[in-house]
Amino acid sequence: MHAPTFIRWTAALAASALVLTGCGSSQKASGSDGSAKKITIGVSFDLLNAIRQAEKSAIEKATTEAGYEVVFTVADKDPQKQSSQIQDLIQTRKVDALIVIAQDGQQIASSVSLAKARNVPFIAIDRAVADQQNITFQITGDPVADGKLSAAEFVDAGKTKPLKVLELVGALTDQNAIGRRDGFNEALKGDPNVTVVSQVPTNWDPAQALDGTSNALQKNPDINAIFVPSDFLLPSVQSALKAAGRLAPVGDPGHVFLVTIDGDQNGCKAMRDKTLDADIATPVDDFGKQAISGITTALGGKSVSPNSVQTKGLSLDQANFATTSSQVWGCDGA
Amino acid sequence: MRSASQWCARALRRQPLLPVWLVLVLALSGLYGEFGTVANFRNIAIQASPLIIAAVGATFVIMTAGIDLSVGSMLFLAAAIESSWALASAPAGVVFAAIAATGLLMGLVNGVAVALTRVPALIVTLASMQVFRGAGGHITGQQNIDLPAHLRGIGTSSLLGVPAPVLLAAATALGGVLVFGRTVFGRYLQAVGSNRAAALNAGLPVRAVTIGAYALAGVLAALASLTQTARLGAVQPSIGDGYELTVITAVVLGGTSLFGGRGSITGTVLGALVLTTAQTGLVFSGASPYVFDIVRGGILLVAVIAAGTRWRTLAQALRPAAVS
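Protein chains in written order, with our numbering: chain V, 1136 to 1469; chain E, 57 to 380.
Hints were generated in silico from the structure; no laboratory data involved. These figures come from a predicted structure and were not determined experimentally. Possibly wrong hints are sitting among the right ones.
Stated by the list, open to error - On the chain E side, residues computed to face chain V include the following (Cβ under 7 Å):
| # | residue |
| --- | --- |
| 1 | Q103 |
| 2 | I267 |
| 3 | G289 |
| 4 | A290 |
| 5 | S341 |
Said to hold, decoys possible - Over the 12 Å line for every Cβ pair with chain E, so calculated as not near, a few chain V residues:
| # | residue |
| --- | --- |
| 6 | T1337 |
| 7 | A1342 |
| 8 | P1356 |
| 9 | S1440 |
All C-beta atoms, glycine included, are put in the ideal place defined by N, C-alpha and C.
Let the sequences and hints guide you as you build the complete structure.
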């Protein structure tokens, strides 16, 4: 056998093994008897991170309670890959319904159409999709409302001491990031005590958040408040504050007022450690429960009404932490 | 006076990017009072350090007419291993050695695959990019993990007032210049990148040189990861995502040809400094967040056009040696 042929065969075998392994790794919820065909839900996520893990757990918990099975896929932030995965879920895996977090709310339209053509209920969660007419149900957070809730914390704090705010912005292609930014800025408009002195994009990249915060603190040493649009950027911001000698706990005269959104483990730990003033927690448990409830309704032949729901976050601050943290998804083990 | 102008002319010929960077620094310092301070230059140097370290490694690869798209994923996998339970309580020296070995292994995987098969480096490293990121995700469970305090010194401590990341970046750049200009390996790199067939005919160890370049890039990506993660204080799933684009921009902006054979470590360092200085300048200018993307994209476009048209041909004709 010639070497190139051998290499080709080896590569083909390795690729086959990877494909088989990949197929085998799709997670199926435990079935009990296997006698009757269980309803299978195809789940397609845009990516996996802390909040997506929480959303995945919420879906798995709700499907187990409903007696359904789950086939789970992740698109690694690639809209084309997500489209192929959904096609595979519908045509090959023959799932009974879909729960999708779209990487791109516009490009997901072809997947929505395919699901509609095959009578597979399509449930969008977390990120809104453009094709509202052909989806079965949609439940998302309300990024604009979350931005406004964050701003309300700044307005309250500004009554005690005027605030000069550094506003970090997520990826400019992400509607959640834009919504949070717009809600925040709109709610602060006209407030005499709170001034946004610097607006820095992070592209949801912790390194850019770290460098951007350091640069803004260098340019405006009088910054005394920072709006962090996601908990996962909080360690970067705190590292920048520490490097600038500005990291101090809540209550310390040198404390920089901090508000974040998500309510993940980072945020809850910081709240508990009194290094964070407020966190607007996303209701991820609701996403799972209502998505499965929508599927049950749709599979029963009824339409889901209303077919689009927005749930705003829960304000967690130092005053209500003791009583409210139990309702926040990230505070379980933080 | 004459010697000063001669020095300027020589510097311009050797490093066309040097005056660009100096003008950028002077302009920003003139526009914004806080920009031209020691504290800010220190800030820029620290921020540029991980990029310099990773970009020096990428320069070796690009010099062979190769490309490494897995830099960002190597950064993440190294960080994931650093934060893993297996190393959580190990002494810093053991952890750093383990991460360097991880980088070497990742680089060897890329290098062996590129050197021993006819598959283009673009495809090989595109695949390894996904493998490394997937492995990192598996180790971290895609969760944010705080880094133990004893592992943060490499990003936050100082020696004689010089920040540790800056010392590491300077040592890496100096080592790169020496390897590039003063060793047989460096000369072989240029030969392989300039004309692979001729290098093979001349009996040069083309495969070993190629593997060596990728292995070096892997080790330096791991070192960049140690520095960056220590600065961040935590390992997060999005670490290094898209970083390969920034690294390649720095290398190409610095004058290294994407066709291989020509390049400069000093140019790469300047490329990284220009990118970081521009980024800092944008924050100081209070520009709209959308302008950041335009400037970043514009710099990449300039770099790619410059590489495509071989903008340094003129400078090349004016100077005796291509390597600094």
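Quick check on Q103 of chain E please, does its C-beta sit within 7 Å of some C-beta on chain V? Q103 of chain E check passes; min Cβ-Cβ to chain V is 5 Å, inside 7 Å.
Hey, does S1440 of chain V actually stay past 12 Å from chain E on C-beta? Its Cβ never comes within 12 Å of chain E, the nearest being 35 Å, so this holds.
Minimum C-beta separation from A1342 of chain V to chain E exceeding 12 Å: can you confirm that? Nearest chain E Cβ is 6 Å from A1342 of chain V, so the label is violated.
Would you check whether the claim that T1337 of chain V is not at the interface survives, using Cβ distances to chain E and the 12 Å cut-off? violated, 9 Å
Satisfaction of the I267 of chain E interface hint, Cβ to chain V closer than 7 Å: violated, 17 Å
Can the hint on A290 of chain E be confirmed by a CB-to-CB distance to chain V that is less than 7 Å? At 4 Å from the nearest chain V Cβ, A290 of chain E passes the 7 Å test, so the hint holds.
Supplied contact hint for S341 of chain E, tested at 7 Å Cβ to chain V: violated, 9 Å
Would you check whether G289 of chain E satisfies its interface hint, that is, whether its CB is within less than 7 Å of any CB in chain V? Result: holds, 4 Å to nearest chain V Cβ.
Using Cβ atoms and 12 Å as the threshold, tell me whether P1356 of chain V really stays out of contact range of chain E. violated, 8 Å
Consistency note: the structure conflicts with the earlier hints numbered 2, 5, 6, 7 and 8.
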